[in-house]
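Position chain B against the provided structure of chain A, taking the given hints into account.
So the protein sequences, as listed, match chains A and B. Throughout the first sequence, residue numbering follows my numbering, covering 2 to 338 in sequence. Throughout the second sequence, residue numbering follows my numbering, covering 10 to 348 in sequence.
Among these hints, one or two may not hold up.
Unchecked claim - A few chain A residues that don't get close to chain B, going by computed Cβ distances all over 12 Å:
id: 1; residue: TRP18
id: 2; residue: VAL21
id: 3; residue: THR28
id: 4; residue: PHE38
id: 5; residue: SER67
id: 6; residue: VAL121
id: 7; residue: SER170
id: 8; residue: ALA206
id: 9; residue: LEU278
id: 10; residue: GLY285
Claimed, not checked - To give an idea of the interface, some chain B residues facing chain A are shown, with a C-beta separation under 8 Å as derived from the structure:
id: 11; residue: LEU67
id: 12; residue: THR122
id: 13; residue: MET181
What the hints assert, rightly or not - Listed next, the stretches of chain A that the computed footprint assigns to chain B, with coverage defined by at least 3 CB atoms under 8 Å from CB atoms of chain B:
id: 14; segment: 199-205
id: 15; segment: 217-226
Please keep in mind that the hints were generated in silico from the structure rather than gathered at the bench. What you are looking at is a predicted structure, and each value in this text was computed from that prediction instead of being measured. We put the CB at the ideal spot given by N, CA and C, even for glycine.
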Amino acid sequence: MPAVKLLALLGAAAVGWLAVTVVHRRTRGHPGGRAFFDHAPARWGFMLLAVTTSLAVAAPLVAPYSPTVQLDIVGLQNRPPSLTHLLGTDLYSRDVWSRLLYGARVSLAVGALSMLVAIVVGTAVGATAGYRRGAVDAILMRFVDVGLSVPRIFILLVLAGLWDQMPLSALIIGIGLTSWFGTSRLVRAEVLSVREREFVHAARALGAGPARVVLQHILPNAAGPIIVTAALVTGAVMLLESGLSFLGIGVAPPLPSWGNMIADAKDHMRAAPWSVLAPGLAIGLVVTACAAVGDGLRAALDPRRSGRRARLARGQASLDLSAPMSPRSPAGPRSHS
Amino acid sequence: MTEPLLRVRDLRTYFVSARGPGTARAVDGVSFDLFGGETLGIVGESGCGKSVMSQSILRLVPEPPGHILPGSLVEYAGRNLLTLAPRELRAIRGNRIAMVFQEPLTSLNPVLTVGDQIAESAIVHQRLARPAARARAIEMLQLVGIPDAAARVDQYPHELSGGMRQRVMIAMALVCHPQVLIADEPTTALDVTIQAQILELLDRLQGELAMAVLLITHDLGIVAGQADRVIVMYAGQVVESAATPALFAHPGHPYTAGLLASVPRLDRPRTRLEAIPGQVPAATAWPAGCRFHPRCPYAWDRCRTAEPPLLEVRPGHAARCWLVEEPARREAPPRAAPR
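Isolated chain A (complex conformation) (with noise of 0.2 Å):
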């Protein structure tokens, strides 16, 4: 492997950790921000994630072959990581290493993309239901009811046979609106709750309609829970990314996703075990990853977990009664009333 491509990796890794570095300090002064990186796996998690990204995002540079191309189908079949080939090649003679980082940028990419979509409409949805309440309300979440009791990937089969081959963004799409009914009950339940605060009546006795008291008012006010959630639903999503394209109708081939690199690779796993191992690995890290950093962010916006129950329970606490009183509410964006 070439020096520069080292280089470039070593680049894309402290591009990574620097960004969490820069986050670390940023947040030092907020309770939230010591909540989140004092939980140990938030902190690995987030590590993680932010230098897959980095790298994903650097592929070209990073990368010492293309990812489709077929180095020599007789001679570098299925062969040992090296120092040539640093996960080996697969049965097409490709680099597994290079495959695996332009992999991360659809996976991550579909994940991301899908987790927006399904909390996008979560949020809507769980909203409506929650503000309206009455007929409104019933109507949606029997139809949420319904979404979470069929299992979705048989929705996503029906939807992949309408193509041949599906495209990136009716999987994205297709993953996103089969991924919210979760999201949108949750939303609905903070929303119950917000509505009935004092300052949504003096929000409307102001005159402002309902669009505005949603948006402007309650919405703020439950982001903690629907910003934890979107953490876990990005790891669910890029599981269900991955499943779909073992199964063979997510994302297609030669273009390469870690759960496609798996469907290719599990033919040949007596002989040439790192082609599987490696996507397998990275998608277990990555799905770790999101859930950790979404218990980090819980810790962190969560006033129930976030005030002093939570640092007896981590053992921080003191009896220290000098200690200055946290200038802000614990909670950030909610607070205890």
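Below, chain B alone, put in the same frame as chain A:
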């Protein structure tokens, strides 16, 4: 007499619950007029319906479970606010009729700066652009006497003291120079010195902006100092209405007399404070006849069976009590209320 600014007639707001004790008649036939520039005090114990009444005027009662009965009328500028389309009603809320809420701690949005919240009604009603609205917010903060307004405008509610927050609430309500200000217990959550400042502020602004103020409170001291006229509410009804001096000098209703007797006074010889026995009955089951009779020291048979209308004591002074028709009974030594 001049035309009233706000005319409320037979306002009834009921809360219906499918389970539980049934319909709560929280506001049950309230009528009054509010004239331009005056301060009308609304007094009564907790649970007598004064807050629900004030929220009903702008239709802010959550529906369901609450609903305002069809026969009710809240007339402003020739239109019934209770039947107005939501969009037209929103054009009045915060613009022509504004409200100051009881709890300055919970009535401000914790995630928005106070400037954003004051600017909001200017943006909603006057379609001001953000920079102009911000300038307006600073101006309003100065008007309500907050020092260093240019810096305060970017602070969050939790960075302000209780008195400051109530000033911010008042600033929010006054941005559009409303004709009517409904102040629902504006000083209850504040300590006495701050209370005095806020009342003084309301008084000054009322003069500057020529507003009518509907001052809802349970504190007779505030009413005595601020209000031109007073309405006493009990059990969802108006039981007495009079000009402030007349009410304090000659309370026509035993409930009003009881309220007055239960206030400690520094300018009278020390006597034992009277308390009105019992408490406001549940809104789901108002007593038959006069709603106050179970607690009334004068109550006789007529009170238990027939509900008195508002009877005129003298012009401009009315009380919902049969004693107005049978003043002789007032001389009879009051016995302790049965209970």
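*Hey, does GLY285/A actually stay past 12 Å from chain B on C-beta?*
37 Å, holds
*Does PHE38/A sit more than 12 Å from chain B, CB to CB?*
Fine: 22 Å to the nearest Cβ keeps PHE38/A off the interface.
*Run the C-beta distances from SER170/A to all of chain B and say if the shortest one exceeds 12 Å.*
34 Å, holds
*Taking the shortest Cβ-to-Cβ distance between TRP18/A and chain B, state whether it exceeds 12 Å.*
32 Å, holds
*When the nearest CB of chain A is found for THR122/B, is that gap smaller than 8 Å?*
12 Å, violated
_Given as non-interface: LEU278/A, partner chain B, CB spacing beyond 12 Å_ = Nearest chain B Cβ is 46 Å from LEU278/A, so the label holds.
*For the segment 217-226 of chain A, do at least 3 residues have a Cβ located nearer than 8 Å to some Cβ of chain B?*
holds (count 5)
_Status of the hint placing MET181/B at chain A (closest C-beta pair under 8 Å)_ = 7 Å, holds
*Report holds if the minimum CB distance from THR28/A to chain B is greater than 12 Å, and violated otherwise.*
17 Å, holds
*Would you say VAL121/A is clear of chain B, with no C-beta pair closer than or equal to 12 Å?*
Non-interface label stands for VAL121/A: nearest chain B Cβ at 20 Å, farther than 12 Å.
*chain B versus ALA206/A - minimum CB to CB distance exceeding 12 Å, so not interface*: Not fine: 4 Å to the nearest Cβ puts ALA206/A too close to chain B.
*Once the closest CB in chain B is found, is it more than 12 Å from SER67/A?*
Non-interface label on SER67/A holds, nearest chain B Cβ at 48 Å vs cutoff 12 Å.
Against the hints set out earlier in the document, violations occur for numbers 8 and 12.
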